[in-house]
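*Asks:* All chains should be modelled from the sequences, with the hints used to inform the complete structure.
Just so you know, we're using the UniProt record's numbering here: the sequence shown kicks off at 1 and counts up by one.
What the hints contain is simulated information worked out from the structure, not anything from laboratory work.
Every residue gets a Cβ at the ideal spot worked out from N, C-alpha and C, and that includes glycine.
Do not rely on the hints blindly, as some may be mistaken.
Said to hold, decoys possible - Each pair of labels, with its calculated beta carbon distance range:
| hint | residue 1 | residue 2 | range |
| --- | --- | --- | --- |
| 1 | PRO221 | LYS163 | 35 to 43 Å |
| 2 | LEU68 | SER107 | 35 to 43 Å |
| 3 | PHE5 | PHE69 | 20 to 28 Å |
| 4 | ALA231 | SER134 | 16 to 24 Å |
| 5 | ASP138 | GLY19 | 42 to 50 Å |
As the list claims (entries may be wrong) - Derived DSS-like pairs (lysine-lysine); straight-line CA-CA distance at most 30 Å:
| hint | residue 1 | residue 2 |
| --- | --- | --- |
| 6 | LYS40 | LYS84 |
| 7 | LYS84 | LYS163 |
| 8 | LYS84 | LYS227 |
| 9 | LYS172 | LYS227 |
| 10 | LYS131 | LYS227 |
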Amino acid sequence: MLSPFPAPHPLDGHPRSKGLFLPPIKGTLDVLEREGIAQKQGRIQIRQTKDADQYTDVAIPYIGDLLLFLEDQEGPYCLNWNIKSTAEGFEVAPRDSLRKTRGLTPSERAQLERQYYLDAGIRTLDLTPDKFSSQFLDNLTWIFSQLESLEENPAPFNHTLFKFFQSAFATKPSSSPNELIALAASQHSYPEPYIKRQFWGCIWTRQLSVELFEPIFNDAPLQPQAKDPLAFYDFYFRRQS
Numbered sequence: 001m002l003s004p005f006p007a008p009h010p011l012d013g014h015p016r017s018k019g020l021f022l023p024p025i026k027g028t029l030d031v032l033e034r035e036g037i038a039q040k041q042g043r044i045q046i047r048q049t050k051d052a053d054q055y056t057d058v059a060i061p062y063i064g065d066l067l068l069f070l071e072d073q074e075g076p077y078c079l080n081w082n083i084k085s086t087a088e089g090f091e092v093a094p095r096d097s098l099r100k101t102r103g104l105t106p107s108e109r110a111q112l113e114r115q116y117y118l119d120a121g122i123r124t125l126d127l128t129p130d131k132f133s134s135q136f137l138d139n140l141t142w143i144f145s146q147l148e149s150l151e152e153n154p155a156p157f158n159h160t161l162f163k164f165f166q167s168a169f170a171t172k173p174s175s176s177p178n179e180l181i182a183l184a185a186s187q188h189s190y191p192e193p194y195i196k197r198q199f200w201g202c203i204w205t206r207q208l209s210v211e212l213f214e215p216i217f218n219d220a221p222l223q224p225q226a227k228d229p230l231a232f233y234d235f236y237f238r239r240q241s
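*Replies:* Shown next as structure tokens:
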């Protein structure tokens, strides 16, 4: 959420931020004033009392996409991701978008968010799916769908099974997901849906390092990780560009 008013830095009060200089947020009203378009701030009318027809004009907050909380050798930091389906989305509103009748254009809205976080020393990246490998995104979507569909109330991750999958994959690195899950089921007295979720959770949480830039199928051999996604896409996680 982008506050209309001055606010502490998002890391303010975090136990690992002690001793760090954290510039405060100045607020969207301040940013738009500097941009010369303060009149475009989104507002709503709020009734002052239940009985009177008197209303107060109130600035409303804008909603961002992802504010990441990360840590490097210098300590904790934040990174703002502004996400659209296409690069055009940062400049042009969709044809059926209600935002056409509202104050800010997409480019003004993107600049507002960028400056809002820059005031606090936070870098903003404009990201679209085409900046990532389509196979990598397909694999992440598949893995996450397995985590979502297997249990309505997922159990916590089982570190015993995590260690089992790590050992089994190290011994037989060309095993398929089905083979590893069946092997775990033969040696542990857990229900199969539970084991499946633990297996995919092991990959999702990077406990099991497999190659995510190649197709992943239930019945096809998994490949050991050759390319670390966090290293390959390091630019999108850096404190500064």
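*Asks:* Against each hint, give a clear statement of whether it holds in the structure.
*Replies:* Hints, one by one, checked against the model:
Checking the proposed 35 to 43 Å range against PRO221 and LYS163 shows it is violated: the Cβ atoms sit about 21 Å from each other. The beta-carbon spacing between LEU68 and SER107, approximately 23 Å, falls outside the hinted interval of 35 to 43 Å. Take PHE5 and PHE69: their Cβ atoms lie about 22 Å apart, and the range 20 to 28 Å holds. Checked against the hint of 16 to 24 Å, the pair ALA231 and SER134 passes, with Cβ atoms roughly 19 Å apart.
Under the hint 42 to 50 Å, the C-beta atoms of ASP138 and GLY19, about 43 Å apart, fit the expected range. As the CA atoms of LYS40 and LYS84 are separated by approximately 22 Å, the hinted pair is consistent with the 30 Å bound. Restraint check for LYS84 and LYS163: not satisfied, since their Cα atoms lie roughly 38 Å apart, outside the 30 Å limit. Between LYS84 and LYS227, the direct Cα distance comes to roughly 26 Å. Compliance with the 30 Å bound is thereby established for this hinted pair.
Among the hinted pairs, LYS172 with LYS227 is consistent with the structure: their alpha-carbon atoms are about 19 Å apart, no more than 30 Å. With a CA separation close to 16 Å, the supplied pair LYS131 and LYS227 stays within the 30 Å bound.
In summary, the structure is inconsistent with hints 1, 2, 7 from the numbered list given earlier, while agreeing with the others.
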